[in-house]
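Here the protein sequences come in this chain order: W and G.
First residue of the first sequence? That's 107 in our numbering, and the numbers climb one at a time after it.
First residue of the second sequence? That's 8 in our numbering, and the numbers climb one at a time after it.
Check each hint, because a few of them may be wrong.
Claimed, not checked - Computed list of lysine to aspartate or glutamate pairs in EDC-like fashion (alpha-carbon distance at most 20 Å, straight line):
1. 137/G / 147/G
2. 115/G / 118/W
3. 36/G / 180/G
4. 324/W / 117/G
5. 137/G / 123/G
6. 137/G / 323/W
7. 176/G / 92/G
8. 176/G / 219/G
9. 36/G / 10/G
10. 36/G / 147/G
11. 137/G / 92/G
12. 324/W / 147/G
13. 137/G / 124/G
14. 24/G / 10/G
15. 36/G / 207/G
16. 286/W / 426/W
17. 324/W / 123/G
18. 324/W / 119/G
What the hints assert, rightly or not - Sample of chain G residues at the chain W side, in silico, Cβ under 7 Å:
19. 62
20. 97
21. 99
22. 103
23. 129
24. 178
Think of the hints as simulated: they come from the structure by calculation, not from any bench.
Just so it is clear, CB atoms sit at the ideal spot from N, CA and C, and this is done for glycine as well.
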Amino acid sequence: MDLTIATFLVQDGLTNGAIYALLGLALVLVFSVTRVIFIPQGEFVAYGAMTLSFLDAGRFPPTASLLLCFGCLVFLLNLWDMRREFSVSGLARNALLNLALPAAIYLLAVTLASTQPGAMVKALLTILIIAPMGLYVYRIAYKPLADASVLVLLIVSVGVHLALMGLGLVFFGAEGLRAKALSSGMFMVGSFPVSAQSLWIYGATIAIIVGLYFFFEKTLLGKALRATAVNRVGARLVGVRTQLTGVTAFVLAATIGAVSGILIGPIATVYYDTGFLIGLKGFVAAIIGGLASFPVTAFAAIGVGIVEAFTSFYASSYKEVIVFGLIIPVLVWLSISTTVHEDE
Amino acid sequence: MTDMLLEVDGLHVSYGKAEVLHGISLAMKPGSILTVIGANGAGKTTLLNAIMGLIPSTGQIRYNGQPIPRTVEARVAAGLCLVPEKRELFGTMTVEDNIELGGFLRSKHEREQMQEEVYQRFPRLAERRKQLAGTLSGGERQMLALARALMSRPRLLLLDEPSLGLAPKIVADILQIVAELRTTGVSILLVEQNARAALEIADEGYLVELGEVRKSGPAAELANDPSLMEGYLGRQDSED
């Protein structure tokens with residue numbers, strides 16, 4: 107191998123690693139706040155990528171219909187919950203958030219889909235369609251079980267993953283799709299070409315990490331999420347509702363998933379079931395970060411990307427085995443080095 | 008209509024099949040300090056947790072003449088605040104963040120105003136603003152737990168064993184602060200093993216044994232009750 111190939115592999119690894127980092131961060135975020143191991147995070151990525159592909163082709167994205175279906179279901183569920191304590195304001199809020207919001211997004215998608223808007227508009231519309239799904243998935247699948255054990259929540263996650271993947275097949279079909287790059291073109295860094303898309307990927311990843319940092323360090327809601335992760339009882343005692351932090355974590359995760367999808371859509375062909383594998387690689391990074399540390403997860407994700415790039419060059423048939431095999435020494439190390447302390 | 012702030016009537020709590028509170032009733036006036044004393048395992052902590060809504064219970068709890076709100080968060084919003092025995096601080100966050108979060112349900116303006124008041128009351132915490140809560144000493148942690156609770160502008164403060172594990176000098180400081188709080192209009196339901204110290208600052212006292220109220224009355228009377236002398240108060244001359 108010469109230096110040129112190595113540089114290409116590193117660049118490839120960094121690009122994929124940045125996307126795994128986003129996934130890993132979303133997984134850590136959701137787990138630390140809600141104790142949910144969020145396997146369906148990959149589905150948000152696939153939904154994001156495929157929504158963008160549909161918009162690129164000037165077609166109406168079926169995820170907007172799916173969002174509307176989710177919204178109606180949540181509206182009905184909330185209505186059922188209100189049977190004992192009915193209030194007009196509650197009903198209005200329910201209708202606004204779960205009927206009016208997805209309907210408005212649906213209409214926006216209908217209007218914009220055929221007009222071939224700019225790449226940025228399409229990307230924003232994609233985020234707008236996917237982000238509220240976090241809210242609805244939380245409400246439908248997890249909120250009724252907010253106090254269940256981690257194992258029960260994991261089983262729910264497997265179910266949600268299968269359901270979302272199946273819905274992906276129904277709504278998108280079995281064909282693979284590829285989106286257009288946010289901006290085309292190549293830059294020369296020294297003597298190496300760097301694509302504009304990979305610059306978007308690095309930029310978006312860094313922006314999200316910085317954004318998350320400010321959210322968690324500087325805003326009261328961000329601090330409330332951290333507080334919930336540190337001490338759930340303490341958080342409830344100062345009046346932080348479990349539902350508020352849960353919804354926030356899931357909407358953030360869905361947003362990050364949509365962004366990941368927008369970034370990966372133009373560099374890989376995405377099928378309805380692609381999300382799972384990408385999600386698992388983010389999961390490897392999150393495990394290395396102990397499902398708790400954001401910085402370790404981000405660096406581990408870059409490492410996963412680079413290992414993947416090099417193994418696909420040297421031993422491409424063992425690529426996945428080696429990448430997922432990374433977990434084993436880490437688990438051994440964690441089991442030796444960490445002392446178990448009781449849940450506070 | 009009654010003029011009681013808190014009325015608990017026939018409160019039962021069970022963990023699985025074991026019932027630990029067998030119909031506890033108590034009432035407290037606004038602006039008073041009520042103390043619940045009793046041995047370890049009598050059900051004092053369970054009583055506070057049930058009033059706060061952390062654990063399910065049956066029976067009636069009325070707050071401010073109304074049935075108490077259903078969820079913990081709604082109870083915090085209504086002015087109840089529990090300082091639990093384990094403090095439940097946010098250990099990996101700074102003292103400042105812990106205090107700020109105490110005012111989570113208050114407006115930004117109120118929060119800033121309370122923050123100043125709280126730092127004046129606890130100058131020690133002001134010095135340690137940037138320190139992580141997990142690195143504080145036992146007494147400082149208790150102060151932080153109290154400070155965080157005050158940030159929510161409570162009308163009724165539920166204190167669970169505030170003196171637990173603290174040096175006698177610090178216990179005196181903490182109880183002094185508790186007594187001062189009452190002058191600001193906060194009502195306090197104090198659970199203590201240190202019965203004599205608790206009865207000294209309280210208006211009313213309840214003795215709880217094995218999940219039932221055994222005795223209740225003005226704190227001064229209980230403090231001189233010969234039947235409590237041996238089991239709970241210790242001999243007067245053995246103090247200090």
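Holds or violated: residue 115/G with residue 118/W, Cα cutoff 20 Å? The given pair, whose Cα atoms are some 46 Å apart, is violated under the 20 Å limit.
Satisfaction of the residue 97/G interface hint, Cβ to chain W closer than 7 Å: Given a least distance of 5 Å, the restraint on residue 97/G holds.
Holds or violated: residue 137/G to residue 123/G, with C-alpha atoms at most 20 Å apart: holds, 15 Å
Need the status of pair residue 324/W, residue 123/G: alpha-carbon distance at most 20 Å? holds, 19 Å
Is it true that the CA of residue 286/W sits at most 20 Å from the CA of residue 426/W? Given pair residue 286/W, residue 426/W is violated - Cα atoms ~27 Å apart, limit 20 Å.
Does the closest beta carbon of chain W sit nearer than 7 Å to the beta carbon of residue 103/G? violated, 10 Å
Given the hinted pair residue 176/G and residue 219/G, is their Cα-Cα distance within 20 Å? Not OK: residue 176/G and residue 219/G at ~32 Å, beyond 20 Å, violated.
Hinted pair, alpha-carbon criterion (20 Å max): residue 324/W, residue 119/G. Please report holds or violated. Status holds; Cα separation ~15 Å.
Hinted pair, alpha-carbon criterion (20 Å max): residue 36/G, residue 180/G. Please report holds or violated. Roughly 25 Å separates the two Cα atoms, so the pair is violated.
For residue 137/G and residue 124/G, compute the direct alpha-carbon distance and say whether it is at most 20 Å. holds, 18 Å
Just to be careful, I want the Cα atoms of residue 24/G and residue 10/G compared with a cutoff of 20 Å; is the pair within it? violated, 36 Å
Is residue 176/G within 20 Å of residue 92/G, Cα to Cα? holds, 19 Å
In the structure shown, a violation is registered for the earlier hints numbered 2, 3, 8, 10, 11, 12, 14, 16, 19, 22, 23, 24, in ascending order.
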